[in-house]
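Peer 1: Starting from the known structure of chain G, fit chains D and C with the ligands onto it as the hints suggest.
Protein chains in written order, with numbering that gives the first Met the number 0: chain G, 0 to 566; chain D, 0 to 195; chain C, 0 to 244.
Since the hints were made in silico from the structure, they are not lab data.
Please read these numbers as outputs of a predicted model, since none were measured by experiment.
In this text, a Cβ means the ideal position worked out from N, Cα and C, and glycines have one as well.
Heads up, some of the hints might be wrong.
Stated by the list, open to error - Simulated restraints, written as ranges between beta carbons of each label pair:
| # | chain 1 | residue 1 | chain 2 | residue 2 | range |
| --- | --- | --- | --- | --- | --- |
| 1 | G | Asn245 | D | Arg59 | 29 to 39 angstroms |
| 2 | G | Tyr298 | C | Tyr41 | 25 to 35 angstroms |
| 3 | D | Asp11 | G | Ile324 | 40 to 50 angstroms |
| 4 | D | Ser54 | C | Arg195 | 32 to 42 angstroms |
Stated by the list, open to error - Interface residues of chain C toward chain G, partial, derived using beta-carbon atoms under 7 angstroms:
| # | residue |
| --- | --- |
| 5 | Leu6 |
| 6 | Glu9 |
| 7 | Met28 |
| 8 | Phe46 |
| 9 | Arg47 |
| 10 | Gly61 |
| 11 | Ala64 |
| 12 | Arg128 |
This is what each chain is made of:
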Amino acid sequence: MFRKYIFSLDHKVIGLQYALTSLCFLLIGFSLAVVFRWQLAYPGQPVPIIGRWLGELNAPGGVVLPEFYNQLVAMHGTIMVFLAVVPLSVGAFGNYLIPLQIGAPDMAFPRLNMASYWTYLAGGLVMLVSFFVSGGAPNSGWTSYPPLAVFATLGQTFWLVGMFLLIVSALFGSVNTITTIVQLRAPGLTWFRLPFFIWAQLVTAFLLLLAFPPLQGAAILQFADRVLGTSFFMPSGLFSGGQAVNRAGGGNPLLWQHLFWFLAHPEVYVLILPAMGIVGEIIANNTRKPLWGYRVMVYAIIFLGFMSFAVWAHHMFLTGMGTVISAFFQTTTMIISVPSVIILTALLLSLYGGSIRFNTPMLFALAFLPMFGIGGLSGLPLGLAASDIPLHDTMYVVGHFHYVVAPGTIFALFAGIYYWYPKVTGRMMNEALGWIHFGGSFLCMNGILFPMLILGLAGVNRRLYDGGMQYALAQPLHNLQVGMSYAAWALALFQLPFIWNVFASLKFGRVADANPWQATTLEWAAAPTPPLAHGNFETIPAVYRPAYEYSVPGAADDFVPQNSTSV
Amino acid sequence: MEIPYTASVRPDTGVTNQKLGMWLFLASEVMLFGSLFSSYALLRSGAMTWPDQSSIVNVRLATVNTAVLIASSVAILRAVAALRGGNIARFRALMAATATLGIIFLAIKSVEYRGELAEGLRPSTNNFVGLYFVMTFLHAMHVTGGVLVNGFLCGPGMVMNRHDAPRFLGRVEAAALYWNFIDVIWILMFIVLYLL
Amino acid sequence: MLRWLGLPVEASAQATRIDLIIALVHWLMLAMFVGWMIFFIYVLVRFRRGAHPKARYEGASGRLARLAEIGVVAAEVILLVFFSIPTWSARVDAFPTEQQVTVVRVVAEQFIWNIQYPGPDGVFGRTRRELVGPDNPLGLDMTDPAARDDVWTQNQLNLPVDRPVIVHLSSKDVIHSFGLPQMRVKQDAIPGIEQRLWFTPTRTGEWEIACSQLCGLGHYRMRGFYTIQTQTDFNAWLASQPTGL
Ligand code: HEA
Ligand code: HEA
Ligand code: CUA
Ligand SMILES: [Cu+2]
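This is chain G alone, in the form it adopts within the complex:
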């Protein structure tokens, strides 16, 4: 019992543990946003209903205090990025699907896999516990810039410890993923026959492997600054609250920013690449034709991986950068937009000539394209240092990245859940509820996010406790903030059909046959649905053809599985 469900070594069980945990964190992260959106719409008014449970220290009389607002935003960012989206897209989807898609009996190192989940959970719990320590949760933004973060309350130490654990977990996971993909591919599954999803996971794992450790180093240094009183990030002559700070000094606050963004820029591609992989799978399947330019997509995603290590300082244009360095980082930033354009173009062209089925997974996957388009395109003015001057640290930036991560990545993850649900449970999710979930989420997301771009262009800053009500230029736009909040709350309501669908379909869902989407890849074509309790395949399949052989001329069906010997 314990071995089977809790301390399991089976990649499918671990994948599900990851999925459930990260979905809970997704819900928590969203709930924090639901609360702080109240404060943005109605600054200084008591939060209705739940206000009195927020605690007298955080929200006396239900009115959120500025400190607490900062905690909510910092934890929303941290939870969404590190505890919800990465574990869901890599830990859950990666773990569950990689061995099945490449025809492997399990991940290469099952024990490491289990350790990865448990360190993730420990890291997540440490983060959550910080809400209850003195001074509350970390409140220096998800970026934790020193000196602010070094002066901050105890919660920040928990953030650092939690981050340390999460990085260890990511390290275990990525070693495992890469080894599995390199070593355990089924016979005949050559590199260019891999599903695009596998390529995306492979590149992602390299980013995790190489980009996370520097943040670990940085976290150790910031921990020392906070706990041992070192001055790595603390310059000489510092004051705090008007009082001179008694420290050796001589440190450099920008060092943290370099280390942080050296991680965090590759990290944003960690957030998007698995999503692109999922979208690729679903589009190929539901257009019933091969992905357009598969090879080009693979080269583009590898190039994207490499380049993502060379753009980090575009987050730091306004820290005092000279012409040469800024020219370098602007150029790399423009270069990195090209492979994204190529991948998106390929996905778009894949639709041409298809026979498109509009089921729920496909709806979310299709919506991903224009939504990521808006998000990615709004990265361009930020990437040009000159136009970044007025836009930096405004709501425009918030709008930019929410477009890529929320209706981008989150939609792709929804698509993936609807698509692979029958694989996991043997039952289909309800289509009608799926359409409601999709339509509502699509409208609400845009209702929340497009106004962010407008606010940002008008010069409204981010991370403002009162949504900018102090500022003359923000006041006329305040009704936008109100509208965005209503959209956010409506978005929460539209998640209810989804949550119901996930749980109720376990029992009431239509029973799925072995290959309900008539797919070509191994997880459907060669493995039983729902999966075997032990092992993945009765026999390891052999692979004879590329991943997306749909509508092959002369074939009997409109799909030819990868392991099928005859056309």
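Peer 2: Chains D and C with the ligands in isolation, oriented as in the chain G frame:
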């Protein structure tokens, strides 16, 4: 079902899972220590004053320690060779020597720390001392991990050699890779923190 | 385009150039998005299962797409080489000499903007860390003759129009960001590093200084004011301010 290629080489990639996994792990360690060395470079180049390092830290003990670690690296390489040649007793002795040398390294390191603390040096004294403590401590933690693994491999872990010899050899090779890596990191630290 | 984007009024010489870039990029974005969107919707309608029951194995030729990609790259290169990089270089390299301009010092602290004018002698008085206190946030050293004619204010920055301004920017505690939205000026104020920035106001008016980097619980109210006025008004204002401490 057994996981293939754990200890046997996959023909088209030319590696075992164990070896690939260890190389990947070391790649990430390079990034971890690399970030600390870069922080050192940035802080030092940006500092108005930087203390005379060798007058603060104990170069003599560190030199001894460097020799100890190099000796242990040699020992573990010969232990691997012995195991490959099937000489179990010799493997066991050499692996035990490796672990013991690791413990000696840690002992000398703690003597060094004690001396520095007694002189009133603290991580907060200045950024050099801070980096010195943080970096060497992180390294010492890695050594501790290595000692535990090496001790395990010449003790209870040897059972595996009886029923799955190739996999055991793979483990020992991975441990040796790790141990040599830790040694190289130490040599870099010795140069950067003591000599430069 | 610019009106449509709803940017704040543009009141400095630098703003024109920056706004031009913002407008151009948004044109590019719009063109790409609309182009892609037309194709997208066309394809979704044309190749829905009902209208096209059997998919084609061969893909689209993609010639148009390749052209579009080349177009995007070309547009990005032009924006970069002819607009963004030169603008940035003018911002950080082409400083006017301090004799012909208004020079001020801005020292950020949680959650106040301290502003120091050098006074008639044009020299900033010495400041010392030990002297910093509630009545002397800058730590001005009155034993220095150059300090006696200095003017300092909090959260109120006055500047003459049509004359370049150089700001010496620093911070006492955490990282802040000195944002003047109407000037299209923003620069992080980082403790331990003194930075210079410059701009030329071209329009009189009264606006707000916005702290643009999270700096603690009072970040949202770390608001200052700035007034761009004619040279005579400015001189009168400066003369009316108390000097020294
Ligand atoms: C998934 C996450 C993700 C992704 C993919 C990106 C992608 C990009 N990002 Fe973004 N970014 C973030 C997440 C992400 N970003 C986050 C989280 C922050 C803020 C962190 C913080 O400060 O808190 C940030 C901030 C940020 C900044 C700093 C802004 C500032 O603080 O001032 C910059 C500046 O260069 C930037 C640039 C870019 C660029 C050029 C891309 C490019 O890669 C984009 C390329 C893509 C395209 C050009 C789209 C092409 C597609 C189409 C055109 C298809 C259209 C299709 C249809 C219409 C059907 N980003
Ligand atoms: C992956 C990253 C991610 C995601 C997905 C989101 C999603 C959302 N974010 Fe957030 N956000 C950040 C990362 C993210 N955010 C970051 C990094 C910051 C900056 C923090 C900082 O400044 O330091 C930020 C800041 C930020 C702000 C700015 C605050 C400020 O500057 O003052 C706002 C304001 O509206 C906001 C709102 C939202 C909303 C409404 C969503 C919605 O789109 C949420 C959508 C979520 C769902 C729809 C959840 C669905 C889940 C379920 C239904 C669970 C199902 C469960 C089971 C089945 C068990 N976010
Ligand atoms: Cu000062 Cu924000
Ligand atoms: Cu980035």
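Peer 1: Would you mind marking each hint as holding or not holding in the structure?
Peer 2: How the hints compare with the structure:
A beta carbon spacing of about 34 angstroms between Asn245 of chain G and Arg59 of chain D agrees with the range 29 to 39 angstroms that was offered as a hint. For Tyr298 of chain G and Tyr41 of chain C, the hinted distance range of 25 to 35 angstroms is satisfied, since their beta carbons lie about 28 angstroms from each other. For the pair Asp11 of chain D and Ile324 of chain G, the supplied restraint of 40 to 50 angstroms holds, since their beta-carbon distance comes to about 43 angstroms. One distance hint, 32 to 42 angstroms for the beta-carbon pair Ser54 of chain D and Arg195 of chain C, holds here, with the actual separation near 38 angstroms.
Among the interface hints, the one on Leu6 of chain C holds; its C-beta lies about 6 angstroms from the nearest C-beta in chain G, closer than the 7 angstroms criterion. The beta carbon of Glu9 of chain C comes no nearer than 10 angstroms to any beta carbon in chain G, farther than 7 angstroms, and the hint placing it at the interface is violated. Against a cut-off of 7 angstroms between C-beta atoms, the interface hint on Met28 of chain C holds, since the closest Cβ of chain G lies about 4 angstroms away. Satisfaction of the interface hint for Phe46 of chain C is found here, the shortest Cβ-Cβ separation to chain G being roughly 5 angstroms, below the 7 angstroms cut-off.
Among the interface hints, the one on Arg47 of chain C holds; its C-beta lies about 5 angstroms from the nearest C-beta in chain G, closer than the 7 angstroms criterion. Look at Gly61 of chain C: its Cβ gets to within about 6 angstroms of chain G, closer than 7 angstroms, so that hint holds up. At about 5 angstroms, the closest approach between the beta carbon of Ala64 of chain C and any beta carbon in chain G falls short of 7 angstroms, and the interface hint on this residue holds. Because the beta carbon of Arg128 of chain C sits about 5 angstroms from the nearest beta carbon in chain G, less than 7 angstroms, this interface hint is met.
Hint violations for this structure: number 6 only, all remaining hints satisfied.
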